[in-house]
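Student: What follows is the residue order along each chain.
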Amino acid sequence: MAEAEFFAADGLSKHFGGISAVDDLSISLARGELVGLIGPNGSGKTTTINMVAGALRPDRGIIRLRGVAMTGSPAHVFARSGVARTFQVPRLFRRMTVLENLIVPALSNAATRRPEAERRAGEVLSFLRLEHLTRSLARALSGGQQKLLELGRALMLRPSLLLLDEPFAGVHPQLLAQIMEHISSLNADGHTIIVVDHNIDAIRSLVGRTVVMAQGRKIADGLSEEVLRDPAVIRAYTGARDAR
Amino acid sequence: MTRSHAVQAVLLIVALILPMWAGPYWVHVGAIAWYYALLASSWALLAGYAGQFSFAHVAFAALGGYASALLTLHLGFPPALGVIAGVVLATIAGALIGWLVLRLSGPYLALFTLALSEIFRLMLVAEQQLTRGSLGLQVSGWFGGESDRPYYYLGLGLLVLALLLMAGLLRTRVGLFLRAIREDEGAARAAGVNTTRYKILVFVVTSGLAGLAGTYYGPFVGILTPGIVILPEMGLVIAMAVIGGIESLPGAAVGAVLVYVLSELTREYGQWRFVLLGLALILVQRFAQNGLFAVLERPLIRPAAVEAERGRG
Chain P
1 MAEAEFFAAD GLSKHFGGIS AVDDLSISLA RGELVGLIGP NGSGKTTTIN MVAGALRPDR
61 GIIRLRGVAM TGSPAHVFAR SGVARTFQVP RLFRRMTVLE NLIVPALSNA ATRRPEAERR
121 AGEVLSFLRL EHLTRSLARA LSGGQQKLLE LGRALMLRPS LLLLDEPFAG VHPQLLAQIM
181 EHISSLNADG HTIIVVDHNI DAIRSLVGRT VVMAQGRKIA DGLSEEVLRD PAVIRAYTGA
241 RDAR
Chain S
1 MTRSHAVQAV LLIVALILPM WAGPYWVHVG AIAWYYALLA SSWALLAGYA GQFSFAHVAF
61 AALGGYASAL LTLHLGFPPA LGVIAGVVLA TIAGALIGWL VLRLSGPYLA LFTLALSEIF
121 RLMLVAEQQL TRGSLGLQVS GWFGGESDRP YYYLGLGLLV LALLLMAGLL RTRVGLFLRA
181 IREDEGAARA AGVNTTRYKI LVFVVTSGLA GLAGTYYGPF VGILTPGIVI LPEMGLVIAM
241 AVIGGIESLP GAAVGAVLVY VLSELTREYG QWRFVLLGLA LILVQRFAQN GLFAVLERPL
301 IRPAAVEAER GRG
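Just so you know, the protein sequences line up as chains P and S, in that order.
If you read the first sequence in the working numbering, its first letter stands for residue 1, the second for the next number, and so on.
If you read the second sequence in the working numbering, its first letter stands for residue 1, the second for the next number, and so on.
Honestly, I wouldn't trust all of these hints.
Between beta-carbon pairs, the in silico distance windows are [claimed, not checked]:
id, chain 1, residue 1, chain 2, residue 2, range
1, S, Val295, P, Gln88, 32 to 42 Å
2, S, Val88, P, Gln178, 52 to 62 Å
3, S, Ile92, P, Gly67, 34 to 44 Å
Because the hints were derived from the structure by calculation, they are not lab data.
C-beta: ideal position from N, C-alpha, C; glycine also.
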C-alpha cells in the first residue's frame, strides 16, 4: 500500500526534562486523509504537531513524507516540503498587513515573484471571505478572523499536509461552521489534514478517522464513530466530557 | 512621490546647503552627527526591522575604525583600502556573531552582545602596544586643510548611500522576512522562511555599516579610544534610533542628528543633558511610539491599515 506511506511518523518520543510528553507514537496517513487527533489536556497532541511540523526535534523516531525521511530538518524545510500548520493561539505577523502575512510563505519559495504571490493571496482571501481586510494590520482583526488568516497563511504554502491545532477553540458557532466547511472543502481538494481539537462533536461530524492520545501515548486509532464510543477513550477524558 | 519622500528630499537639501551658512563649529557637529546617524539607522534595521536587539553595534564601529587605522598605520594600506578592510572585517565579525547568537533572542541576545562588546572594549584597553590603550590611537586625517567640510560631505554621502542600500534591501522580500522574524520567529519558520539565513544576513549588513561608520570617524576626529565602545555610547545610539523612529531608517538617522545637535546645544548643562535625553525618550515613547519621524509621515502611511486599527480601537 504505497499510498499509506504518504506520511508516516514512526516511534516518535519527546521528553521535556523528566516528563515524557510523547512516548513511542506512530501514525501513518494516506494521501487525502482527514484525521482527527484528540486527547485530554497534556496528552501530547501539540507536542506531536510540533514534531510533525519540524518545530521540535523528536528524541527518538522517524518522520517520513512521501517516503523521504524528514526527521531533524529545520521547520522551514518541512514548510517548503508542504507541511503547513496553524497554532493553538494564532501566531500572526501582527504588525504586518493581512496581505503581507499571506505573501511571506509564498515568497519563501525563491522562484515565486511578488505579483504571483499577491495574486494567490487574493485567491486565498476570497476563499476565506476576507478580501475586505487585505490592507488591514493583522492585529486589528477579530479573534476568529485571525484564525482564518492563519489558515490562509498555511494554505499559501500549497501544503500537501495541513496540521490544524485547535481550529475551533474559542470561535463562535457561526465561524465554527465556516471553518468546518473550509476544512471539508480543502480535504475534498486533496489536502491531507490532521485536526487537533477538543470539540468532540465537531471532530465527529468532520473526520472519518480519529486518533486518541492520553499521557503521551496513542490509545485508539480508527473510525471516529467507533473510537469515540470506546470505553478507554471515554475514561481518558475522565468522564469530564460526554463522548456519547 | 509620497510625503515621506518629500520630507526626506527636503532634509537632504537642507543638509547639503547648510555648510554655506553654518560656521565651522556646526559643520564639525554635523560631520559627527553623520557618524551617529549611520550607526542609529543601521541599528534600526537590526533592531527595529529584524527585532534583534544587539548591544554590540558600537563595538563593530570600533572594530572597523581600529582595523582600518592599524592597517594604514602598520602595513601602509592606502586610506581607501583601509576602509574596505575595516568594513570587511566588521562584516566577517558580524557573520560570526550572527551565527553565534542565532538561538538567542530578547534579553539573552542583548546580554550576550553587551558582554561581547565589553570584552572587546577591554581588549582595546589592554592591547596597549597595538591600540595604545586608553591613551588613544592617533589616526591621520584624509583631507588637508582646516575645514571640516570635506568630512561633512563625505559623511553625508556615506549616510545617504547606506540608507539607499538598506532601503533597497528592505524593498526586496528580505525586508518582509525580517519583519516577519521580528513579529514571530517561530511563525516565520513555519511559513517556510529560513530565519537563520536572514538573521545572519541582517547582522552582516548592519555590522558592515557600523564598521564603515567607524572607519569614517577615526580619520575625522583624529583619535580612536576605547571610549567609543562604552555602554553610554550604545545607549546614545539606541536613544537616537528610538526618538527618531526605530522602524524607520531615515527616521533613526534624523533622530541621531536631532539628539546630537540638541546635546551640543545643551552642552553647558553637563551631565544634566542626559536627564533631558531620558525625558525626551520617555515622552516620545508615550506620545509618538513610532518616533518623531513617523509623526511627519503619518497621514500618508497605509491609510487602510490605520483606518482598520481605528475602527477596532
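Student: Does each hint fit the structure? Answer for all of them.
Tutor: Taking the hints in turn, this is what the structure says about them:
1. S:Val295 - P:Gln88: 32 to 42 Å: With Cβ atoms ~38 Å apart, the hint holds.
2. S:Val88 - P:Gln178: 52 to 62 Å: With a Cβ separation near 55 Å, Val88 of chain S and Gln178 of chain P satisfy 52 to 62 Å, so the hint holds.
3. S:Ile92 - P:Gly67: 34 to 44 Å: With a Cβ separation near 41 Å, Ile92 of chain S and Gly67 of chain P satisfy 34 to 44 Å, so the hint holds.
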